[in-house]
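Q: Sequence:
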Amino acid sequence: MLLKKIYEILYEAFGPQYWWPGETPLEVAIGAILTQNTAWKNVEKAIRNLKSKNLLYLDRLLELDNDKLAELIRPSGFYRQKAQRLKEFLIWLEKKGGCFLKINDPTEVIRNELLSIKGIGPETADSILLYAMERPVFVVDAYTKRVLARHRIIRENANYHEVQSFFMHNLPYDVQLYKEYHALFVKLGKEYCKKSSPLCSTCPLKQIF
DNA sequence: CCCCAGGCGTCCA
DNA sequence: TGGACGCATGGG
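One point on numbering: in my numbering, the residue at position 160 of the first sequence is 160, and numbering is uninterrupted.
Treat the hints with care, as some may be off.
As the list claims (entries may be wrong) - List time: in silico DSS-like cross-link candidates among lysine-lysine, alpha-carbon distance up to 30 Å: (1) Lys194 to Lys5; (2) Lys53 to Lys41; (3) Lys118 to Lys190; (4) Lys195 to Lys118; (5) Lys51 to Lys5; (6) Lys53 to Lys96; (7) Lys206 to Lys51; (8) Lys45 to Lys187; (9) Lys96 to Lys68; (10) Lys68 to Lys51; (11) Lys41 to Lys195; (12) Lys206 to Lys187; (13) Lys194 to Lys4; (14) Lys102 to Lys87; (15) Lys194 to Lys206; (16) Lys41 to Lys68.
By construction, these hints were calculated from the structure, which means they are not laboratory data.
Note that the structure is predicted; figures quoted are calculated from it, not measured.
Make a model of the complete structure from these sequences and hints.
A: Written out as structure tokens, the structure is:
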């Protein structure tokens, strides 16, 4: 199967990526929100700010007013929006009991609740589900689409659900596989499939075609 | 100076 | 449905 083959080639080329970077599920989820259309380097600064003030805990973040939070996460960009949206998410988490791994609702139910939070779209919801909650959900991002479109595996304008279904219907439901696969796509995209450079003559996937 | 980054909501056709 | 635009910092 093509998707399995692609995975093997990427894993062979890059090895394990150890994703998601973050020490706790809460940190993972916060990173998922802060990294929206933002370089990860900038997110690291924002998270470092929170850590250095010992604020990376649900209760402490909930106490923090939005302006203070915004100032701390400023390096991650869109910081006023993100502060507000992050806060909304934290309130949801608190309402669910405050602990990701103790939430027992079906994945689809949680996903819909996450999507109803303003500022959490499909990619962010799925990143939280996969990397913070260990649910078998495939994460699709800009790199995934760009890589597949350039190799003509999907349409240029394929939507999120379409691409996600393609993976989930052709791969086993396997959390570890999905975690690694998405991380490998990001690695490949960053190094071989940049927006500005149309060619990718040295792309590891070349050997398939 | 430019373009880009691990998106999303809103508005409009 | 899907394209344009605003949101904002930091790096190349």
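Q: Each of the hints needs a verdict: does it hold here or not?
A: Against the structure, the hints come out as follows:
Distance hint between Lys194 and Lys5 is fulfilled; the C-alpha atoms sit about 22 Å from each other, no more than 30 Å. Taking the CA atoms of Lys53 and Lys41, the gap is about 19 Å. The hint holds against a cut of 30 Å. Between Lys118 and Lys190 the alpha-carbon distance is near 28 Å, which keeps this suggested pair within the 30 Å criterion. The suggested pairing of Lys195 with Lys118 holds, with an alpha-carbon distance near 28 Å, which does not exceed 30 Å.
Proximity of Lys51 to Lys5 is assessed by CA-CA distance (about 40 Å); at most 30 Å being required, the pair is judged violated. At roughly 26 Å between alpha-carbon atoms, Lys53 and Lys96 fall within 30 Å of each other, so this suggested pair holds. The hinted pair formed by Lys206 and Lys51 fails the criterion: a straight-line CA distance of about 42 Å is larger than 30 Å. Between Lys45 and Lys187, the direct Cα distance comes to roughly 20 Å. Compliance with the 30 Å bound is thereby established for this hinted pair.
Restraint check for Lys96 and Lys68: satisfied, since their Cα atoms lie roughly 25 Å apart, inside the 30 Å limit. Between Lys68 and Lys51, the direct Cα distance comes to roughly 14 Å. Compliance with the 30 Å bound is thereby established for this hinted pair. Note on Lys41 and Lys195: the hinted pairing holds, with a Cα-Cα distance of about 19 Å set against a maximum of 30 Å. At most 30 Å may separate the alpha-carbon atoms for a hinted pair to count; Lys206 and Lys187 meet this at roughly 16 Å.
For the hint pairing Lys194 with Lys4, the CA-to-CA distance comes to about 23 Å; that is within 30 Å, so the pair holds. Restraint check for Lys102 and Lys87: satisfied, since their Cα atoms lie roughly 20 Å apart, inside the 30 Å limit. A hinted pair counts as satisfied when its Cα atoms are at most 30 Å apart, and Lys194 with Lys206 qualifies at roughly 16 Å. As the CA atoms of Lys41 and Lys68 are separated by approximately 21 Å, the hinted pair is consistent with the 30 Å bound.
Checked against the numbered hints given earlier, this structure breaks hints 5, 7; the rest are met.
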